[in-house]
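Trainee: Residue numbers (numbering that gives the first Met the number 0), protein chains in the order written: chain B, 0 to 333; chain F, 0 to 333; chain Y, 0 to 333; chain H, 0 to 333.
Derived by calculation from the structure, the hints in this document are not laboratory data.
Heads up, a few of these hints could be off.
No distinction is drawn between identical chains; accordingly, a pair holds when it is met within one copy or between any pair of copies.
[Stated by the list, open to error] With a Cα cut of at most 27 Å, we get these calculated DSSO-like pairs of lysine-lysine:
{"id": "1", "residue 1": "K162", "residue 2": "K116"}
{"id": "2", "residue 1": "K64", "residue 2": "K162"}
{"id": "3", "residue 1": "K38", "residue 2": "K133"}
{"id": "4", "residue 1": "K135", "residue 2": "K116"}
{"id": "5", "residue 1": "K38", "residue 2": "K259"}
4 protein chains.
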Amino acid sequence: MRVAIIGASGYTGLELIKMLISHPHFEITYIATTEGGVKASALHPSLVGVFEQEVLKADAKEVAKHADLAFLALPHQAAMGFAKELLELHVKVVDLSADYRLELEAYEKHYCEHQDKEHLQEAVYGLPEIHKEKIKAARLIANPGCYPTASLLAVLPFLSYLKKDAPIFLDAKSGVSGAGKKLSQTSHFVTINENIFAYNPLKHRHEPEIAEKIAQASGHAYEVNFIPHLLPVSRGMLVSAYLQTSEVIDAKAVLQSFYKEARFVRVRENPVDIKSVAGTNFCDLFVTQKGTSLFVSSAIDNLLRGASSQAVVNANLMCGFEESAGIPIIAYVP
Amino acid sequence: MRVAIIGASGYTGLELIKMLISHPHFEITYIATTEGGVKASALHPSLVGVFEQEVLKADAKEVAKHADLAFLALPHQAAMGFAKELLELHVKVVDLSADYRLELEAYEKHYCEHQDKEHLQEAVYGLPEIHKEKIKAARLIANPGCYPTASLLAVLPFLSYLKKDAPIFLDAKSGVSGAGKKLSQTSHFVTINENIFAYNPLKHRHEPEIAEKIAQASGHAYEVNFIPHLLPVSRGMLVSAYLQTSEVIDAKAVLQSFYKEARFVRVRENPVDIKSVAGTNFCDLFVTQKGTSLFVSSAIDNLLRGASSQAVVNANLMCGFEESAGIPIIAYVP
Amino acid sequence: MRVAIIGASGYTGLELIKMLISHPHFEITYIATTEGGVKASALHPSLVGVFEQEVLKADAKEVAKHADLAFLALPHQAAMGFAKELLELHVKVVDLSADYRLELEAYEKHYCEHQDKEHLQEAVYGLPEIHKEKIKAARLIANPGCYPTASLLAVLPFLSYLKKDAPIFLDAKSGVSGAGKKLSQTSHFVTINENIFAYNPLKHRHEPEIAEKIAQASGHAYEVNFIPHLLPVSRGMLVSAYLQTSEVIDAKAVLQSFYKEARFVRVRENPVDIKSVAGTNFCDLFVTQKGTSLFVSSAIDNLLRGASSQAVVNANLMCGFEESAGIPIIAYVP
Amino acid sequence: MRVAIIGASGYTGLELIKMLISHPHFEITYIATTEGGVKASALHPSLVGVFEQEVLKADAKEVAKHADLAFLALPHQAAMGFAKELLELHVKVVDLSADYRLELEAYEKHYCEHQDKEHLQEAVYGLPEIHKEKIKAARLIANPGCYPTASLLAVLPFLSYLKKDAPIFLDAKSGVSGAGKKLSQTSHFVTINENIFAYNPLKHRHEPEIAEKIAQASGHAYEVNFIPHLLPVSRGMLVSAYLQTSEVIDAKAVLQSFYKEARFVRVRENPVDIKSVAGTNFCDLFVTQKGTSLFVSSAIDNLLRGASSQAVVNANLMCGFEESAGIPIIAYVP
């Protein structure tokens, strides 16, 4: 099947390329950035001798001629303009931006005015463990954010056991690639090396995304307190979820049962780490408890499970392929 | 004043040497390890040309001849044997181990049988912001653990506002030097570089230390859930405290008021980071809140405020010197 | 084709597993360590849910029953004992240790007494760019060391132009995984993080390996000065070769011409870096010059091109498969 | 004595502040940047509660009113304009930029037109081990570059033994702080973390600085080949010098003899590392040899011995104080 990558210059664009080059069912037939006019290997020097294709200036009509499905790795706002056009031209879309993740009101409160309210209605939130059947039938996927992916996979199994009036605390730690390639004092090596700090505490845009999905799944508006930290690592993400159940449960059994069919979630015996998942689509989970207080630790690769490989899983499902076709499962360690 | 360092071979021993070399009132008159027979610069190559003193085999009677106060940077259990002898020989002791930190029952539950129950009674927990007057009068200081220091300084200001039945969650992150010099797969560069993971979740020995001090200060046995993580940095520690107050308070005002006299606590406007405190005795604190849910972020240098410089502050107070004499305040950044 | 991995517990063993799991022509039919009795995923936690095969106690006769070719990722000395048996049982061998890399005299001077002098004669040094035809016909491959691979690929193209009496200087930098999993003060995170230092300068065992191969290729015993450094990175290797030619040459043209047929060498326009090759079998090369003084910079993944992926390339060639079958070419960046 | 810091916003400005705050003879009476209008602790958050002085907009006349000596931590070109004015107003100057390091012709070839040719004549190159007497008498010091400091201290002891027609190879590795605070793709954490690469090979502006000082000291125009690399560490620098002597010498004895009076050079028994010097003004040196081929390894803190602490040593000498007054000798390790 012919696929397009729109937004090839960033880290998630590169990860899409790397997976799709050798995917058994997808073929990259169109690749573009906002600017175009450059070879893929000029954007990403590691691709020299591996993938030298010309990167075009993104044009929806051209996409429609050459591809059946498009991955959008564009900034929010830019993405919805492009997605709208593609959907009207009957191209399926997996959007890696935030544009179709939230309900209208929440989106406009936390981002900007929405320019594609029509398709927003039909967008499916692409967390395969939760919405697999809807994903299979969808033509527009809102690919979840990295923090929401790691957080929701930790929290959702326990929703029916949580104390309704107890806050959920999420202490999240992300590698620097999560902030993208753009330059900032924060991503300067000397700033973050040998360091760690919280940023946007209780104010990060992924907090409403997490809260909304928890509310949708549980029917209750839990208080979600989300605190992201920046870690001195290139990639990988670890989220600690601190939960309070209304009575004592066997947390590990609940977790194992919830994910017994999940191809890409591993319930671990020991605390999880980034290295065992970096380079893969796995989410590794660990839980321990003291009575009704639960600690759930969730590890993902922020660029893969938190973006690009989850996008390809969604595309696999949308197109009737095996969920795991072309999906990396072998970690980069050591 | 003449001081001894017993246990000079580890990281905290080295930090003691570095501070005491240039301390305005203390002079290192005795320095020892369990083994002895080596120069300080052979234990720590950075000391070549700086501090070449012979390191002796530790002997309490010799200490008593040469020093008025001893810093013990020994493993727990070894420390109490030595401290007992020194106190009987009228040498003041600042013990950096866990041996005098806990009440008897808790100590014997989490460590081993106590061998110096007599002096345990009189030991003062050396957190200067809380126990300054007692420290001044003490002859035996139990120097707090690194995690308890960072955690208690974050939690104590809010004790009178906390919901009694709500758990306290502490998500702590430490640099690798916190585990000491001994070799283990965990501290192997390839294991922890580009990684992060929880260890001993809800089972770390610093959890009862934190819980006991909170209970003593508040008169209520709060549930404390302590989750330490290992960070890919050499030194520094960040603790997130997640608290629930019984009603809405002005958390920042409470924090500022609590520490308005504190020389070595800085209440920050922005989230704190390790680099601003690494190399110093400062504890930097930041708080933000959503209604009755509080996030307090606490940063210290694990080897200094979490061990050696706090020990020297305690010694300063015990000897009638300025709290800040010889204490590092200039961070190593960048 | 059925292959065995003997020595599955180390970093190179893990890389072999990762490649061979999805190799188009090879199937892992036997996997062992010296001890055995453990699952592969217990040795390498990232393999949980990916490769759970039982790891056996290594036994040559059993290998011969189940496999046609064996990769030996054993320490030197242990390797040759095992290789000898396997060869007698008609199993092809790719030996990742040093045991068959050197001529007898050099081996015994720098390592120990040789226990398989017979097969040492027929071993082929597995640097595919140089010895491809011999490799195809071989049944015993001495897989080159990591430093020699990066160094020789930088130096060999220029051999016919070098000043005979000028020394060759090789300033090499390796990630910590090059030293293996075993614990040492050197590989302790706190030692090597934020650090770099030379080790075994002019005394590393890879120096005679490099010198011998240069002498064999050129017919002249060039003086080789090899200085390895340890880098604060997990994997990857960069070697600077400083060469002096007898007259001015067009060094870049020489390099490009030498490697014009090479599938796994990339001559780069800009200075090479580790990240563009880490995770792949590529050797990236860059050269610049001031008259007759040359600087050649050579980058490889020490565990792949410096060990395991080069071993699989050699196996591919020995078995008549495509050189590139199952060989990783997509770097892990960012 | 009253001193001014002009250019307080960068890494070297911060290091100057940190040393001068507690210097026994100097007092910071004027501190400025090009812009001014900010507190020092706003530029450098670690200074909150430590040094809160107002930073002014730099003005030479105001400097002359308040200070006897000025440290210029300005970009080249800006520095010479300011230095000229200060010298005319009888203020002594230690210039940390490149503006007075080179002879006129070389400067104008590698930088830009010189705007203060008059004072260029009298500027003294501030390498205390070589030019101590001239420094004592100087009123304008050209503080050496970081790479030249580490390189020259490695090479100069051997000048009288070198083969005249053999090139000198310098393989240098610097921490990222050497490139300053400004943002670039190169200093982005994700680029340089887990990486290393050469940059500006044979084209770095420090090459002519090194070559000129070697030529001045030896009377011979040695060919200098200088290859800098960027390391994934915040601070510290290691330079490998590869030298060829005309006959076999006892290299270690030569090195020890050359530096027998040097307060801030340590000749080491084992290969040197960054961590033993980071945070200090020491240059640690190690030499080993194979006949007439020498490997000299030189380690410094790029921001201290490579810039700010060497500047303070120079100021100490210019003002008749002890060379070591206020100079850091205790490394930050571990």
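Trainee: All the hints need checking, so say for each whether the structure fits it.
Mentor: Taking the hints in turn, this is what the structure says about them:
1. Within a single copy, K162 and K116 get their C-alpha atoms no closer than 35 Å, and across copies no closer than 43 Å, so neither meets the 27 Å cut-off.
2. Taking the closest pair of Cα atoms, K64 and K162 never come within 27 Å of each other, the shortest separation being 52 Å inside a single copy and 60 Å across copies.
3. For a Cα distance limit of 27 Å, the shortest separation of K38 from K133 qualifies neither inside one copy, at 36 Å, nor across copies, at 38 Å.
4. Proximity of K135 to K116 under the C-alpha cut-off of 27 Å is restricted to the intra-copy arrangement: shortest distance 22 Å within a copy versus 63 Å between copies.
5. Only between protomers do K38 and K259 lie at most 27 Å apart by alpha-carbon distance; the minimum there is 21 Å, versus 43 Å within a single protomer.
The structure fails to meet hints 1, 2, 3 from the earlier list, while all remaining hints are met.
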